[in-house]
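Once you've looked at the hints, dock chain Y against the given chain U.
Which chain is which? The protein sequence lines are U and Y, in order. Okay, so the first sequence: first residue is 1 according to the working numbering, each after it adds one. Okay, so the second sequence: first residue is 1 according to the working numbering, each after it adds one.
It cannot be assumed that every hint is accurate.
[Claimed, not checked] With beta-carbon atoms standing in for the labels, derived distance ranges:
(1) U:Lys357 / Y:Tyr121: 45 to 53 Å
(2) U:Pro239 / Y:Ser135: 38 to 46 Å
(3) Y:Asp185 / U:Asp194: 43 to 51 Å
(4) Y:Asp185 / U:Lys178: 37 to 45 Å
(5) Y:Phe233 / U:Tyr125: 53 to 61 Å
(6) Y:Val109 / U:Lys178: 50 to 58 Å
(7) Y:Pro188 / U:Tyr175: 27 to 35 Å
(8) U:Tyr175 / Y:Ser117: 43 to 51 Å
(9) U:Asp59 / Y:Asp185: 28 to 36 Å
(10) U:Lys168 / Y:Leu134: 24 to 32 Å
(11) Y:Val109 / U:Ser237: 54 to 62 Å
[As the list claims (entries may be wrong)] Stretch by stretch, here's where chain Y covers chain U in the computed footprint (C-beta under 8 Å, at least three residues):
(12) 46–56
(13) 87–93
(14) 97–109
The hints are simulated quantities; they were obtained by calculation from the structure and are not laboratory data. Keep in mind it's a predicted model, so treat the numbers as computed, not measured. C-beta atoms are modelled at their ideal positions from N, C-alpha and C, and glycine is treated no differently.
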Amino acid sequence: MVEVALKNLTKRYGKKVAVERLSITFPDNSLTVLLGPTGAGKTTILKCISGVLTPDEGDILFDNVSVLTIPPWKRNVAQFFQTYALYPHLSVFDNIAYPLRERGLSKDEIVRRVKEVAEKLRITYVLDRENPATLSGGEMQRVALARTLVRDPQVFLLDEPISNLDAKLREEMIYEFKRLARELRQTIIYATPDHFEALAVGEQIAIIKDGRLVQQGTPEDIYYKPSNIFVATFVGSPPINLLEGEVKKIDNSVIFQGSGITLDITDIVGEWIKKVSEDKVVLAIRPEDIFILREKQKDLLKARALVSEPLGHETIVTCSLGESEIRVTVKGFINFNYGEDVWIKLNKQRIHVIDAKTGLVVL
Amino acid sequence: MTVTARIVRRKSPVKRALLYVAVIVVCLIFVFPVYWMVATAFKTRAQAFSWPPLFIWEPTGRNFIDIFLKRQTEIEAITGWELELATGSEIFFYNSLIVTSGSIILALVIGTLAAYSFSRYRPAGTDTLMFFILSTRMLPAIVVAIPIYFFYRALGLYSTHVGLILLYTMFNLPFAVWMMKSFFDEIPKDIEHAAMVDGTHPIKIFYKIALPQVLVGLAATIGFMIINVWNEFLFSLLLTERSVRTVPVAIASTRGEVGINWGLIAALETLYVLPAIILIFLLQKYLLRGMTFGTVRGV
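In isolation and in its complexed conformation, chain U is listed as follows (with noise of 0.2 Å):
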């Protein structure tokens, strides 16, 4: 297994700008999610590492040594296509066999290491299919992810590869590939739109934005420690709260208001409020640091609790706020009455401040 690094690495379509620049290590043996948008360029990313696209600018490491000379089918890496990519006139069998086949694996060998993958992927009962495309959609993914994970390359490039799986059968994977990379100390990089999928499977989490690298980290820092206004919305769910207003300094005491409401934010000035260029920020809190209370208490918030969505475990409360609405998870099974009133109190050490222009997180 090796580290994989980019270096400036920039990819077009044309004049559209697909990668810019992006500089990310991966490293060697663990778990790396490139998490973003549809159409961020997580593919085109993957596609640069496997060979299959020749980057524009910059430089593709393997333990620090180059392989953008090494063509596609000499470079070594598995990769699992979004597309599935099964080469539709080979049976199931022989399409998970292929790679081992192109790589002069003896009969018997191939046979067993098949029989393995397929039986980790319980799709055992398709391997005698003589033509893929009759596959579901679900056993299809299996195939082709089967097809990736019976090779030994030096690493594992997996494009989306559970979003078509079954709920249960997703949470699953989510336990093998974690397996897989705890275990067997895989090179791993897994590209998902899905921040569950994201937080739930990596072990180093990237989040790609336009082509670029907008933050690196661990599950934790990227759900608690978020760089910016575009990550702390796209982690997390429900999204987070986002409150839009202004710092002012009255008497001794910090007060931010905006949006409808006034809350005193005293506990929590730091250094951040010199990096705020203006005065006007948004503040940001996840939906699990609000507590909702049905008795009117000192310094709690007034709201009119809208629509309660039990899921079991927690349920999420849409509240009015001020002129805006937040969610509020809480534990269990509550309902609340359309517009009944409801007080609220906002962990205020979980806040994030974002400063409005630019759009980062001072705190």
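Frame of chain U, contents of chain Y only:
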């Protein structure tokens, strides 16, 4: 498809019956000449010319035997054209077969390779080149006939199999390139990317991954090329003497002067049409694909 089906379903039984009658009548009109050709092939000269026309007669195989077996010495009433036709016509079939298969194989190999390159590697000026290739088919054949005749005379290609094969290859290449490119374009790039990452060299990808997926396209292209070459008349007439003459020209050159042995001609035509019919019957669903190629992209 569904629209026509709905229209037919909505019709009353009477209207539908009328529709079928009309279809049958039209079919008869189109099939009758073919029937007459085949029927004449099994008639003697007297039967072929009898009036009123015979619809029931004792069929004879004489014409077919004559085509191949009647030798010069056996011919009683010798006229120039009958001699031409009736002494070992297998040479014309042989010529047609050699010229058709030779030119098709050549056009298919060159055309498929070119189409794949255009589709996958898009060399600089691909669009211009594709148009140029097509434009070679835009001149009416008769315009280039005389220059080609002189070229062939000068190059020693006149009345040779190689000459006709080269010419027909040139005819068919634009078809092959355009049709095969559209079929290659339909293969998702990711499949070839996957093969590349799985360790397959691009040259191997061409025949191991891409080619098996365009077999339908190959069949359709072959079908169209056969129709082009098997029936070609003008250049075969212009550029061949007897030894290289193809069947269409041979049949035509029997007409004229004195009487015509229609039975013999009909037998020859019947035999000539047979392979084409069989082939088109076998390839019909691919030909349909070929005719509509490009119109159902993305399906």
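Ascending list of hint numbers which this structure does not respect = When the structure is compared with the hints, numbers 2, 3, 10 turn out to be violated.
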